[in-house]
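*Asks:* Now for the letters of each chain:
Protein chains: 2
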Amino acid sequence: MVRYKAIIAYDGTNFSGFQSQINGRTVQDEIEKTLSKIANQTVKINGSGRTDAGVHALGQVIDFAWPTKLPLEKLRFALDTQTPADIAVKQVELVADDFHSRYQAKEKTYEFRVDIGKPRSPFRRFYMSYYPYELDLEKIKRALPDFLGTHDFTSFCSGKSEVKNKTRTIYKADMLVSDTEDELLFTFCGDGFLYNMVRIMVGTLLKIGNGRISEDAIPQIIAARDRNAAGPTAHPEGLYLKEVKY
Amino acid sequence: MVRYKAIIAYDGTNFSGFQSQINGRTVQDEIEKTLSKIANQTVKINGSGRTDAGVHALGQVIDFAWPTKLPLEKLRFALDTQTPADIAVKQVELVADDFHSRYQAKEKTYEFRVDIGKPRSPFRRFYMSYYPYELDLEKIKRALPDFLGTHDFTSFCSGKSEVKNKTRTIYKADMLVSDTEDELLFTFCGDGFLYNMVRIMVGTLLKIGNGRISEDAIPQIIAARDRNAAGPTAHPEGLYLKEVKY
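Chains A and B are the protein sequences, given in the same order. Residue numbers for the first sequence follow the numbering used here, so the first one is 3 and each next one is one higher. Residue numbers for the second sequence follow the numbering used here, so the first one is 3 and each next one is one higher.
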């Protein structure tokens, strides 16, 4: 047996998330079904992490054991064309037998896209969160650096999470405004992210932009270690897992 | 009664086209249903032209008679928020009683988007046509100006069309390549377009780029006045009605 790592993209709109579950169509199930058909035996995959229903990926990483060595492009092409159209297989490479896409991930980058145009674009309804209220973008820009560094992010973690250590290090937190001024692109890079963390960070930043949370409140929100201290969880359709580094 | 003109955008993916038909969900039906509910009486609309199933609009124009004068933004907002999420109402204005969005249209602009990346992007599958074959973009650029001017475009019209006069004038025909080099954006502007005309023009241009039709063949194809002389009809998901001028 050999082990392959693959970089995949998916449109999360019609998935109940990445990870297999009892009900609902998942990315993991679709890929395992395709791999098992190609290999003519059961193939299971690891992913770098779960993504929720409606959340997208530009660079999710998976790995799987495989019976024989194959030309990489042949395997990539077979997997790309045989998975459904909402999954793309961008790259396949051979890795060490002990590679694990979740345990060995060193750095993850997420993007979050917000449609701030009026009216809401029909073309963005599954691909950006919509925010129709007033925004002072300068307030958001001034608040963003307060996320940088190593903190206990309990306040930015869903109460449903069972993870014990909620300390994470954020290397990058920024926002770009599109030339057309109707789209925000947030980028967050860190050593890992808690359940709903990026969505709660964005939900809080939008409240700051709207003036309903003070622009210097983030250090206090972090210090509170209480989910109720932060803003709401932004909608899943704006979130993209962009890149995982090893 | 007064008459309103509205500029609308729609994601054509889940529509059987613009125009009402016996079966299938249409843009016209959805808008007439909403307008009739708001007015509490039957309201019918005219459109600047039909779009096929899967074809999108950034600036389709409609007009309708209405019982009373209303503040424009109030009417726009009511219509925008009460139509389904795949229709957006961008602008509403009061027009002369004899305004007709189809008969008085002077100029139309269409865009056609092609995904030429590898692998095909899951995010573009409903919003761009996909072309995975080799393309010499310079050949396409050299061929495009041959569409300009006044011609009988019978060769670029679906055989199903019942229109008699197939002479149209094309003012603009060009192509932009995205910075990422994985996307083509064609723009065509003219006094009117025949049934499937833009899609057949693009289907022919892609064959020219791929070397299977000569780059100087367009004048002969036009002169043939025969649909079989041109290339295939490109897929509907790449086509956008961008603007209609009066």
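Calculated from the structure, these hints are not laboratory results. Hints may be right or wrong, so weigh each one.
Pairs involving identical chains hold if they fit within one copy or between any two copies, as the list cannot separate such chains.
[Claimed, not checked] No more than 20 Å apart at the CA atoms, straight line, and that leaves these computed lysine to aspartate or glutamate pairs for EDC-like:
(1) Lys120 with Asp82
(2) Lys120 with Glu95
(3) Lys92 with Asp184
(4) Lys244 with Glu140
(5) Lys120 with Asp88
(6) Lys39 with Asp218
(7) Lys120 with Asp148
(8) Lys166 with Asp31
(9) Lys120 with Glu75
(10) Lys166 with Glu75
(11) Lys162 with Asp138
(12) Lys120 with Glu245
(13) Lys244 with Asp82
(14) Lys166 with Glu95
(15) Lys92 with Glu185
(16) Lys168 with Glu95
(17) Lys108 with Asp82
(18) Lys39 with Glu113
(19) Lys92 with Glu183
(20) Lys108 with Asp138
(21) Lys76 with Glu136
(22) Lys244 with Asp218
(23) Lys209 with Glu95
(24) Lys168 with Asp148
*Asks:* State whether the alpha carbon distance between Lys76 and Glu136 is at most 20 Å within one copy, between copies, both, or neither.
*Replies:* Between. Shortest inter-copy distance 19 Å satisfies the 20 Å Cα cut-off; intra-copy 50 Å does not.
*Asks:* Could you figure out if Lys92 and Asp184 sit no more than 20 Å apart (CA to CA) within one copy, between two copies, both or neither?
*Replies:* between (29 Å within a copy, 14 Å between copies)
*Asks:* Check Lys108 against Asp138 for me: Cα-Cα at most 20 Å, and say if that holds within a copy, between copies, both or neither.
*Replies:* Neither way: Lys108 and Asp138 sit 34 Å apart in one copy and 41 Å across, limit 20 Å.
*Asks:* Is it within, between, both or neither when you check Lys244 against Asp82 at 20 Å Cα-Cα?
*Replies:* Cα proximity of Lys244 and Asp82: one copy only (18 Å, versus 33 Å across).
*Asks:* Checking an output row: Lys120 and Asp88, CA cutoff 20 Å. Within, between, both or neither?
*Replies:* Close across copies (14 Å), not inside one copy (28 Å); limit 20 Å.
*Asks:* I want to check one pair: Lys120 and Asp148. Are their C-alpha atoms no more than 20 Å apart within a copy, between two copies, both, or neither?
*Replies:* neither (30 Å within a copy, 38 Å between copies)
*Asks:* Could you figure out if Lys120 and Asp82 sit no more than 20 Å apart (CA to CA) within one copy, between two copies, both or neither?
*Replies:* Answer is between: at 10 Å across copies they meet the 20 Å cutoff, but 37 Å inside does not.
*Asks:* At most 20 Å between CA atoms: does that hold for Lys244 and Asp218 within a copy, between copies, both, or neither?
*Replies:* Neither. Shortest intra-copy (28 Å) and inter-copy (43 Å) distances fail the 20 Å Cα cut-off.
*Asks:* Could you figure out if Lys244 and Glu140 sit no more than 20 Å apart (CA to CA) within one copy, between two copies, both or neither?
*Replies:* neither (25 Å within a copy, 33 Å between copies)
*Asks:* Given identical chains, is Lys209 near Glu95, meaning Cα to Cα at most 20 Å, within a copy, between copies, both, or neither?
*Replies:* neither (42 Å within a copy, 34 Å between copies)
*Asks:* Within, between, both or neither: how does the pair Lys39, Glu113 come out at a Cα-Cα threshold of 20 Å?
*Replies:* neither (33 Å within a copy, 40 Å between copies)
*Asks:* Given identical chains, is Lys108 near Asp82, meaning Cα to Cα at most 20 Å, within a copy, between copies, both, or neither?
*Replies:* Cα proximity of Lys108 and Asp82: none, with 26 Å in one copy and 45 Å across.
Violated hints, in rising order: 4, 6, 7, 8, 10, 11, 14, 16, 17, 18, 20, 22, 23; the structure is consistent with all others.
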